[in-house]
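Each residue of the sequence shown is one higher than the last, beginning at 0 in numbering that gives the first Met the number 0.
I should point out that these hints are in silico values taken from the structure, not numbers from a laboratory.
There could be a bad hint or two in this list.
[Stated by the list, open to error] When the alpha-carbon atoms are kept at most 35 Å apart in a straight line, the in silico DSBU-like pairs for lysine-lysine are as follows:
#1 K430 to K663
#2 K444 to K96
#3 K663 to K93
#4 K150 to K435
#5 K444 to K92
#6 K150 to K663
#7 K92 to K435
#8 K150 to K92
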Amino acid sequence: MLLRRCSLRIIRLTAISILSLPIIIILLLIYEISRNHSLELFTMSLDSLSILPNKQTSILVQLALGIDAVTLWMMLLATIIIMLTALAGVYVKKRQKLFYGLIMLSESVVYILFMARDGMLLISTIAIFAMIMFFFIGIWGQEGSSIVARKFATWQLVACVLLMISCLLLTTLQHNDSNMEYQLSLTNEASYIIQEQLLDEQPEQELIRQAAFVLFIIALICMIPMIGVHHWFIELFQKSHIIVLMLYCGTLSISGWYVLYRIGSIYFLDLLASLSEGLLWVLAIQFLFASMLLWKQQHLRGWLAYGAWGQLSLIGILMLTLSEQGLTISLVHLLSFMAISALLCFLIAAIIERTGTDYIPVLNGTLRNLPFLGGSIVVAMFAWLGIPGFSHFFGTVHAVILTFSTSRWISVLIALGVISIMLFAVQMLYKLQRGKTDEAYQQLKDMRFTEAIPNIVLLSVIILLGCYPIVIVDMIELELHTVYSMWKPIIDEVPWDIGSIASIWTRAGETFNVVIVFSLLMMFAIGIASRKHHRISVILYWQSLFQLLAFVVIIASEFKTGNTIYWLDLVRYVVVYTVLLIATIIAVRSFSQPLKDHTISSWNGLYYRNPRFALLMLLLIVSWMALPFTSAFQVKFTAINHWLAQEEYGLLTIWIVAHLLMMKVWLEWLCALYIVSDTKQASARMKLHSNGTTTLISRNNSIILLCCCIVLIALCFA
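Can you build the whole structure from these sequences, using the hints too?
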């Protein structure tokens, strides 16, 4: 709302200035580290935030932040890409002020993502960033982008839920009588603890770790486009705004492999080694599959989608060779992917801005009269292909070499994929540069100065990484050597017993009784049934019943385990959801009653009609979803705390999955509020019902705001 009062020019300059400042700080850190050859001065651990402070055992989110060599370079490149995305915001034609506001929010979230040294903090940050990207995709995408945004958010939230369950299982490995806290540290000390347990041969803890690993792999499949479940990734590139793709490729697209490095290298490196050959085969076939599908693409977006999919597969291949050299080159290739994909997105945006299309047959000869833009695309293509002297060269060559020891046929598949990519790129460049130019495109203007800045910066990064990679390798090699040397002595064949792993979800402990199981199954059924309803009254009814059953589960778990019941926690639970229900009912009646439409579709484009009211509804919906850093998030962990202590992992999983299903309804509502394809229709509908709607909303805004304030106070002090 404050952004609406400022001019677009001031907001744009302010955003670019704010986004540029951290680059200087990070460069100073790089200089300091290269001079002292130490990172110890740049680690920080604040007091842990207990989700359940009144309990004897508590789940902790440790506000631990740290900067190592990998984090530092990822932060630097992500900061540059985010700043250049703000510069490229001139290609965004609607809601420009909101775009710059979300860009600044994204940068702060990215810093926490890369610096997090606590598992729960890392997962929470990914979930929040996924919701920010949900708005980016839906608001600025093409027709049908709201569907793609919902698919994207669903896949990412499912991945975060699976990662959370996996991390909760891992916390039990570090939990003992002297340490009554559940937390997941992402430091090298945690790796030593896991290795000591392996040497002590504790089969029960090893079984839990293998179960956590299975969930971890499934979560990565949801985050990273894998063959068979990659359609959401392709649709994301086809429907999103190309500048949004620039932000996505430079930040969130690599989060899956970053999680594999940050969590997998500490807790699962021996398990990854046992499955590495099979995973390498899958990724090599996927790389070849994506490379062959390039020949069917008629749009630049489609070419970029399958090209990015192939390069992400190549990063995984390098990482899963599980050699010290492979880990180092994989992270260099990951940084290279961030830079080149962001540059290609920007150049495609420049073409679409001038021609209005990305259809390759129509663009024949378009770049002939655009020397700077055409030359930049040629250089970017060469870098994408892995030509010597550019940043992709080392990753492409090492992927072929390092996989040869596993199977020479994997190397053959990768080589065939690289050849396919090269042949298609040469053909496409020939059409763009030498084809017959359409008369409508003969008078196009070359890149302006403001467009040249992102181009020059990213090209400089790509050439620097290609010609002088030692700048990065020297800093990250020591860190990766430490990680690899810790695990190398004990990497061995892992005995897998799928039946025993599945059995940990079917154990019947002290908290297992009919009331709890029946309530959980009812919650699960409500989560499935509520997805089919669009009437707001029915949605609120199901939500009320769902929260009532959750309340019953929490009380029953307290009684069954014989723990002291903290009635203040239960009162807080009732107050939070009572206030949410009252505020939501008031908001719904004040808006839907004059329109005589009580479905979610009646809220389409509320941001255009009344942005203040839309902000209030956003606060309510986020609280209903029980996202991280809300009061509902804390009370929901009460039952999880009991089940972790009693090793009731089946009940814990049903509880979390049921809440994930309920989030689907609120995602639909968020789409209606902020994502609308036809703004003229929304404005016309507002005028049609302006008399009644405006009056009622103004009269009830104070009540809704008061309820929201109560919820926010509970959020801050609960």
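We went through each hint and held it up to the structure:
Our distance criterion of 35 Å between C-alpha atoms is broken by K430 and K663, whose separation comes to about 44 Å. Between K444 and K96, the direct Cα distance comes to roughly 27 Å. Compliance with the 35 Å bound is thereby established for this hinted pair. About 27 Å separates the Cα atoms of K663 and K93, which keeps this hinted pair within 35 Å; it holds. Our distance criterion of 35 Å between C-alpha atoms is broken by K150 and K435, whose separation comes to about 40 Å.
Restraint check for K444 and K92: the C-alpha separation of about 19 Å stays at or below 35 Å, so the hint holds. Taking the CA atoms of K150 and K663, the gap is about 10 Å. The hint holds against a cut of 35 Å. For the suggested pair K92 and K435, the alpha carbons sit about 31 Å apart, so the restraint of at most 35 Å is met. For the hint linking K150 to K92, the alpha-carbon distance of about 24 Å falls within 35 Å, and the restraint holds.
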